[in-house]
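A.B. asks: Numbering (the working numbering), first residue to last: 81 to 318.
Because the hints were derived from the structure by calculation, they are not lab data. Glycine included, every Cβ here is placed at the ideal spot set by N, Cα and C. Keep in mind that a hint or two might mislead.
The calculated label-pair distances, taken between Cβ atoms and stated as ranges, are [as the list claims (entries may be wrong)]:
(1) S84 / V241: 16 to 26 Å
(2) E209 / A96: 31 to 41 Å
(3) R134 / K275: 15 to 25 Å
(4) G270 / T115: 15 to 25 Å
(5) P296 / P104: 22 to 32 Å
(6) R295 / P104: 40 to 50 Å
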Amino acid sequence: MAESYAPDAALAPAAAALFGDRLPVAVGYAGRLATDGVVRGLIGPRETERLWDRHLLNCAAVAELVPSGASVVDVGSGAGLPGIVLAVARPDLSVVLVEPLARRTAFLTEVVSELGLANVTVVRARAEESIGTLAPADIVTARAVAPLDRLAGWCLPLARVGGRLLAVKGATAAGEIEEHRAAVVALGGGTPEVKVCGAALLDPPTTVIEVVRERPVNRAARSTRSHPKAVRARPRRR
């Protein structure tokens, strides 16, 4: 039963604070991750004991950076982290999950239907294929997808001017900013900043790199900077 996937007593206060009356929906999602998510290879078997602290709460804390009623595009959504978590915690958001692999989009579509997430749309595509086909978003999210320079090349074009990229990172955040600041600015972003989310609830809190999209750049320049060694398209995996 879904109740068996509820957070343990130590994490229950943080889960209640971050999900509120949506906590039962989050528990249902945890159940899908711990069962079908493992069977389909979307979550490692060893991660099931850490679903709440390492994944669900870590992602839910990002909601404090997202304004009310915002449109969100989650790039490389995988098992739905952080996109589904944000949609569960914040039903006021409109969330698009962008994921290129068919087995993952099948899982996401099933979860969205089962949890009744009317505020979520699943799109099978790479981020670069979605530029110009999706409406520019207020917020673009990504978690454990790629280094910051490549993330900026893929994600900033999906945000409106004035919108933001929120890249969920860990201890590498400050180093990535130092290494990739110039590339991010060249790709139309402002100076990247580290944001710490959920500090009063989580140990450790969630570390996010925030980049404001300040201006558009032409597509050729963006491709050169974000994929400097790419000479041909890779076949789409299933």
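A.B. asks: Are the hints correct? Go through all of them and say.
C.D. replies: Results of checking the hints against the structure:
1. S84 / V241: 16 to 26 Å: Check failed, 46 Å falls outside 16 to 26 Å.
2. E209 / A96: 31 to 41 Å: holds, 39 Å
3. R134 / K275: 15 to 25 Å: holds, 19 Å
4. G270 / T115: 15 to 25 Å: violated, 42 Å
5. P296 / P104: 22 to 32 Å: violated, 42 Å
6. R295 / P104: 40 to 50 Å: Cβ of R295 to Cβ of P104: about 43 Å, so the range 40 to 50 Å holds.
The structure does not agree with the numbered hints 1, 4 and 5 stated previously, though it agrees with the rest.
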